[in-house]
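Given chain P, work out where chain U should sit, using these hints.
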Amino acid sequence: MAPSAPLPAPAVERDLRLDLFRGVALWGIFLDHIPENVVNWLTIRNYGFSDATEIFIFISGYTAAFVYGRAMRERGFLVASARILRRAWQIYVAHIFLFTIFMAEIAYVAATFDNPLYAEEMKILDFLKQPDVTIFEALILKFKPVNMDVLPLYIVLLLLFPPMLLLLLRQPALALTGSALLYVLTWSFDFNLPAYPNGVWFFNPFAWQLLFVFGAWCALGGAQRLAMVLHSRIVLAVAVTYILFAFAITMTWYVEPLARFVPNWLSDWMYPIDKTNLDVLRFAHFLALAAVTVHFVPRDWPGLKSPILLPAIRCGQHSLEIFCLGVFLAFAGQFIISEYSGGPPIQVAISLIGIMIMVATANLISWYKVIEGRSPTSRVKTPDADLAGGEA
Amino acid sequence: MTLLLTILAAVALFDSAVAAVPEPSCVVPQSFLSSDTELTRALNEVKARQRLDISVVGTGSSALPGPDGARYAYPAQLEKALQKDLPGITVKVTVHVQPRATAADLAAGMAKVLADDKPALVIWQTGTADAMNSVEPEGFHTSLDDGVGAVEGGNADVILMNMQYSPHTESMMDVSGYADIMRFVAQQHNALLFDRLGIMRSWSDDGTFDLYSATKNYDMARRVHECIGRALASQIISASHLDAVRMQTTR
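Residue numbers (the working numbering), protein chains in the order written: chain P, 1 to 392; chain U, 1001 to 1251.
Just chain P, same shape as in the assembly:
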């Protein structure tokens, strides 16, 4: 555990690795959100315990601390908090916008699709009969359609972020310990937020905050403190071993005969690997991936400047817009696949076109920011939350 001294100010220059991996994570989230898609075999969730969500939340915590940490140091608690809350509001508006599109799709399916084979499944659309309740529950973030759970998590994390950021700036070790303690208490006492019509939030904010706070801690100097650990060969060996172990276990999910090689005591201990509460196996898998990545992709890796990776970096720099676009494109893609019985060629085409639209949109947003003089490369004195180079 790091000593409780205030952390050194982080490097001012933007770490392009964050944008790159967030961009790739956004593509992964888009692909994974189209359930019937051969291309989503490429995403990391099929080869280990964690998936794109962990990367997205960690990097979001990192960039939130990067941008608002500086604001809090330079302009004080009030200004930084106000900006964090404005960001949370923007995300809320984006979420409600996506919900509207989702409702339109559902209403269309309900009106046009009928098949006695699916009499039971179509009852999922019954909530359309009670729009008063459903829309209200959606507005208070209790009703969240499938695949629309990430933004509400992000909103709650940002709402709780101002005091946490203050603590991270003053007593980083205490802040990280507090976050870990909340995670442990969540597991012990089943804390979660209620959902509608029943159940709890799919992404438990009290558990997932650990990843967000850990990202923030890394951004505020924690990463430098960890540098020694990350460069140790032993840590690398442990991380690689764990990644290989997770890979072997995930293979047993797809190749049934392999399942017999997993001893009962291991599966009793290991399963279920809980995504809702950020299972410790998932968290560890993310840490292992991060350790290996940091080892092999240094901050000044020349590849980060190559035009091949630029599309992903651009997407990562405008994460909120591209995330929302990805969710929308996943709806649209799934819709096209179901309307036209799309086979693998259509699925590949939809995946590629979707990513191309995401990249084009990211470039368009960058262009807007250039003409408005807010480009990440133009040296603006105070970073803006919407700044491409520092979007939280």
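Derived from the structure by calculation, the hints contain no laboratory data.
Heads up, a few of these hints could be off.
Unchecked claim - On the chain U side, residues computed to face chain P include the following (Cβ under 10 Å): (1) 1063; (2) 1170; (3) 1181; (4) 1209; (5) 1214; (6) 1222.
What the hints assert, rightly or not - For lysine-lysine, the following DSBU-like pairs were computed, each having C-alpha atoms within a straight-line distance of at most 30 Å: (7) P/129 with U/1216; (8) P/142 with P/123; (9) U/1092 with U/1112; (10) U/1047 with U/1118; (11) U/1084 with U/1118; (12) U/1092 with U/1080; (13) P/123 with U/1216; (14) U/1080 with U/1216; (15) U/1112 with P/123.
Built from N, CA and C at the ideal position, the CB exists for glycine as well.
Structure of chain U alone, referenced to chain P:
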């Protein structure tokens, strides 16, 4: 010679139990039906009493709507297929359908089903209502454990049947997470899983059925249920080694 031909024909029929019958043709990849798990209680009942009592416990997708729904739904099709494949053996399938019931609801009623029907095999179709209501995965897991435990305690075998593959509602509910839990519970209890989700998806992929189509017509729904009933029969026969028993009875 005739006997030999009959046996060969029967073996061939068994090997491709689903594919050999001309209408409707719905091949189920063998990987979905083969398993090391054995249905010993079912086999014992057939051997001892020349009968097989099966209870189907499930929700709306174990039935079909319409006046003749029950006659065409997969439990009735299963009974028909088993009667045909197991001549000389009395097969009785009793159906307990509770629309919208979650695994917890169905598990709670399991003891009564066992007491009333005294089945040698319970086919437990579940998961859909849980996915629709976003039941907590851990709670779902516990309910499955309870239900499967009750069946085992009632001295019957169990087959867990997962959800239908329903492409239109796939973006509205997350069935795969629940299907994974069902697979895991089946493994833990050394019980059979009838992977309806995977089988129907393979039918959709290979063009056997257009599950995306909108229709008010019952034809396709009935054909799908018939195929499920026959695939289930073939899984039961294979897992309880009833093919051997059948050979003895037909000889």
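To see whether the hints hold, each was checked on the structure:
1. 1063: Hint holds; residue 1063 of chain U Cβ to chain P Cβ min 8 Å, cut 10 Å.
2. 1170: holds (5 Å)
3. 1181: Holds, because the Cβ-Cβ distance from residue 1181 of chain U to chain P comes to roughly 6 Å (cut-off 10 Å).
4. 1209: Holds - the Cβ of residue 1209 of chain U comes within 10 Å of chain P, reaching about 9 Å at its closest.
5. 1214: holds (5 Å)
6. 1222: It holds, given that the least Cβ distance between residue 1222 of chain U and chain P is near 9 Å, below 10 Å.
7. P/129 with U/1216: holds (21 Å)
8. P/142 with P/123: holds (20 Å)
9. U/1092 with U/1112: The given pair, whose Cα atoms are some 18 Å apart, holds under the 30 Å limit.
10. U/1047 with U/1118: Judged against 30 Å, a Cα distance of about 16 Å means the pair holds.
11. U/1084 with U/1118: At roughly 23 Å apart (the allowed maximum being 30 Å), residue 1118 of chain U and residue 1084 of chain U satisfy the hint.
12. U/1092 with U/1080: Between residue 1092 of chain U and residue 1080 of chain U the Cα gap is close to 9 Å, so the pair holds against 30 Å.
13. P/123 with U/1216: With a Cα-Cα distance of about 16 Å, the restraint between residue 123 of chain P and residue 1216 of chain U holds, given a limit of 30 Å.
14. U/1080 with U/1216: holds (26 Å)
15. U/1112 with P/123: Holds, at about 28 Å.
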